[in-house]
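Dock chain to chain to rebuild the complex, using the hints, since each chain is given by itself in its own frame.
Order-wise, the sequence lines are chains A and B. Residue numbers for the first sequence follow my numbering, so the first one is 1 and each next one is one higher. Residue numbers for the second sequence follow my numbering, so the first one is 114 and each next one is one higher.
Calculated from the structure, these hints are not laboratory results. We put the beta carbon where it would ideally sit given N, CA and C, even for glycine. A few of these clues could be false.
Said to hold, decoys possible - Some chain B residues close to chain A (C-beta under 8 angstroms, calculated; not the full set):
#	residue
1	Phe158
2	Tyr185
3	Pro222
To be verified - Result set (DSS-like, lysine-lysine): computed pairs, CA atoms no more than 27 angstroms apart in a straight line:
#	chain 1	residue 1	chain 2	residue 2
4	B	Lys217	A	Lys40
5	A	Lys67	B	Lys209
6	A	Lys40	B	Lys209
7	B	Lys209	A	Lys71
8	A	Lys19	A	Lys9
9	B	Lys209	A	Lys36
10	A	Lys9	B	Lys194
11	B	Lys217	A	Lys36
12	B	Lys194	A	Lys22
13	A	Lys44	B	Lys217
14	A	Lys9	B	Lys209
15	B	Lys209	A	Lys44
16	A	Lys41	B	Lys194
17	A	Lys9	B	Lys217
18	B	Lys194	A	Lys36
19	B	Lys221	A	Lys40
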Amino acid sequence: DTAVSQTPKYLVTQMGNDKSIKCEQNLGHDTMYWYKQDSKKFLKIMFSYNNKELIINETVPNRFSPKSPDKAHLNLHINSLELGDSAVYFCASSQGAQADTQYFGPGTRLTVL
Amino acid sequence: GQSLEQPSEVTAVEGAIVQINCTYQTSGFYGLSWYQQHDGGAPTFLSYNALDGLEETGRFSSFLSRSDSYGYLLLQELQMKDSASYFCAVRRNFNKFYFGSGTKLNVKP
Chain A
1 DTAVSQTPKY
11 LVTQMGNDKS
21 IKCEQNLGHD
31 TMYWYKQDSK
41 KFLKIMFSYN
51 NKELIINETV
61 PNRFSPKSPD
71 KAHLNLHINS
81 LELGDSAVYF
91 CASSQGAQAD
101 TQYFGPGTRL
111 TVL
Chain B
114 GQSLEQPSEV
124 TAVEGAIVQI
134 NCTYQTSGFY
144 GLSWYQQHDG
154 GAPTFLSYNA
164 LDGLEETGRF
174 SSFLSRSDSY
184 GYLLLQELQM
194 KDSASYFCAV
204 RRNFNKFYFG
214 SGTKLNVKP
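If we strip away everything but chain B, and leave its shape as in the complex, we get (with noise of 0.2 angstroms):
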């Protein structure tokens, strides 16, 4: 099986830089994605880590640390539109992907 943690809620102001972690227990893993959903809407693809490091795109960059089964989201620069959940999930065997169960950002003016 596979588990992922994420929190459940965090909280930030405009303009602030935010990290959203997610730690995971696999077997056969291959990569870490990021997903962001608004209320209502589908999720939408962010990033994706398959070697250890950061990766960026935009305000957004994403890390990944394969020996500590971890990896984050940062998001610069906030902005109320960012507010949000924000799933991470892991790549399994290939070709199938578990979720987490999302942090929900709130961005406060």
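In isolation and in its complexed conformation, chain A is listed as follows (with noise of 0.2 angstroms):
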């Protein structure tokens, strides 16, 4: 059983296109991330959700914007992508805002051409 999944798990697209990255947790969790891992391995939060509610925002462009239909469910939609933005995408979750642990999901590697 899949704990944290992620779709699609690679993206190749041209600059100036709008994707979406979705995730889904099965563990009950109340809380989802996500990451963004450049090629130098830096893993660096961007957003979280708890119950819903956008509890952190960190400095990230405004083409980025995340979406929580559900508890379990936390999507990303990137419009007008740049070079900048191939990363490696990680969704995670955890139980609780305030968890020491976090599950992540496989990934979607996003290269934009």
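Right, dumping it as structure tokens:
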């Protein structure tokens, strides 16, 4: 049973396009996150939702818009893709916004050409 | 802001012990986590220290000194499958985790 799943696993697209990444968790957690891992493996938090409410919004261009339709899902929509958006995007979840442990999804490798 | 420093790469032989250090600077510090990530894989949780001292989980132990803004991950009886990147992450302002750039551990036979 997959705990945190993401689709798609790979995404190759042209500059200027709009794309979405979806995340679902079946752990019954109430908090979900988006992280970006760049080519140097630096892992940076982008957003977090707790019970469908945005609680963390790091300094991220407003071309990135997360949406949480329910506690089990967190999607990321990116407008006007740029070369610098190429990275691996990880979704994660935890039980509570103050949890010690986060469970990561397998990642979505986004390549912008 | 915050900053974390860990060595970029460490090499050790199978069966040995290796220590991966992490020094940090941050305000609002709550604790230090460690995650393992194999190439192409997802980060997986290893340990979390909120208080000073050593936490042991099987072959892995993690240490924290809040006064020194320093922690380390100790891996014992190294196995080939331990070859991976290891990230320390500070927990800041209760609900935010900021990750270091990771230490690539190479285990050789």
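Evaluated hints:
| no. | hint | result |
| --- | --- | --- |
| 1 | Phe158 | 5 angstroms, holds |
| 2 | Tyr185 | 18 angstroms, violated |
| 3 | Pro222 | 25 angstroms, violated |
| 4 | B:Lys217 <-> A:Lys40 | 11 angstroms, holds |
| 5 | A:Lys67 <-> B:Lys209 | 19 angstroms, holds |
| 6 | A:Lys40 <-> B:Lys209 | 21 angstroms, holds |
| 7 | B:Lys209 <-> A:Lys71 | 19 angstroms, holds |
| 8 | A:Lys19 <-> A:Lys9 | 13 angstroms, holds |
| 9 | B:Lys209 <-> A:Lys36 | 14 angstroms, holds |
| 10 | A:Lys9 <-> B:Lys194 | 24 angstroms, holds |
| 11 | B:Lys217 <-> A:Lys36 | 19 angstroms, holds |
| 12 | B:Lys194 <-> A:Lys22 | 30 angstroms, violated |
| 13 | A:Lys44 <-> B:Lys217 | 18 angstroms, holds |
| 14 | A:Lys9 <-> B:Lys209 | 26 angstroms, holds |
| 15 | B:Lys209 <-> A:Lys44 | 10 angstroms, holds |
| 16 | A:Lys41 <-> B:Lys194 | 20 angstroms, holds |
| 17 | A:Lys9 <-> B:Lys217 | 23 angstroms, holds |
| 18 | B:Lys194 <-> A:Lys36 | 25 angstroms, holds |
| 19 | B:Lys221 <-> A:Lys40 | 23 angstroms, holds |
Hints 2, 3, 12, counting from the list given before, are not met by this structure.
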